[in-house]
Amino acid sequence: MSETIKKFMYLNRRAPYGTIYAWESLEVVLIGAAFDQDVSLAFIGDGVYQLLEGQDTSESDMKNFSTTYKALGDYDVTKLYVEKESLEERGLTLDDLMPLTWEDEDDDWAEKDSIRLVSRAELADVLDDQDIIYSF
Amino acid sequence: MKFAIQVNEGPYQHQATDSAYQFAKAALDAGHEIMRVFFYHDGVNNGTNLTTPPQDDRNIVNRWSELGKAHDLDMVVCVAAAQRRGIVDEGEMQRNGKDAQNIADGFRISGLGQLIEAGIQSERLMVFGD
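Residue numbers (the numbering used here), protein chains in the order written: chain A, 4 to 139; chain B, -10 to 119.
Simulated from the structure, these hints should not be mistaken for laboratory data. Just so you know, not all the hints are guaranteed correct.
[Stated by the list, open to error] Lysine-lysine pairs mimicking DSS-like chemistry, simulated, CA-CA at most 27 Å apart:
1) Lys82(A) / Lys9(A)
2) Lys66(A) / Lys87(B)
3) Lys115(A) / Lys82(A)
4) Lys10(A) / Lys(-9)(B)
The model shown is predicted, which means the values in this text are computed figures rather than measured ones.
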């Protein structure tokens, strides 16, 4: 669709429910996947809650969109950076998050982890390397 | 510089749209290009012509319309966000069986692809919101 390939970062800073930012951010990611850019997502602060395993919204009547994250691999969205300190500050570990994977067609469709646990300092370098940052 | 602007918050509730407007105006006055202003989340509420603010306050919607007209700005309201929040143009009115439209002068309703395209084609994307 475009000859220019830019590094697109979607920075997710908020809890999945409570406000609509997380869901409308995902909508941008899904549409953006059609544009063949170099896409990453990052989850910092309360944004790490978006990836929590076992989300149940039945009592609050909010739309549970957590399964959408599991489909991101099929959209070639395979780089999900999670900030280690943000997890720790909330008493969470990688084991509390959904297992998110993608299939690498260049490696005999091997199943690989989409989540990349990075320190705050490492994430700062990743952000510095981006062309565009959509902040939600 | 070729800028694109994303506005994520509605008028009056939040100053983000004021800041975006002032940035756009200053950038244009300085000779820069604004290739698109994209209104997302509650930012779509900047595009309704039904607002009636008190006379001693700024009229945020009209201000965008006037700036858009003066500089031929491409001011895009996200369709998905607009449908949730009741921002309707002629096409949306017919498509969704509504009996009214309220899109303000100079705004148009289109898809999220316009935001991605703005990111690709601009040199800087400025995001205004929390």
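Now the hints, each set against the structure:
no.	hint	verdict
1	Lys82(A) / Lys9(A)	15 Å, holds
2	Lys66(A) / Lys87(B)	25 Å, holds
3	Lys115(A) / Lys82(A)	10 Å, holds
4	Lys10(A) / Lys(-9)(B)	18 Å, holds
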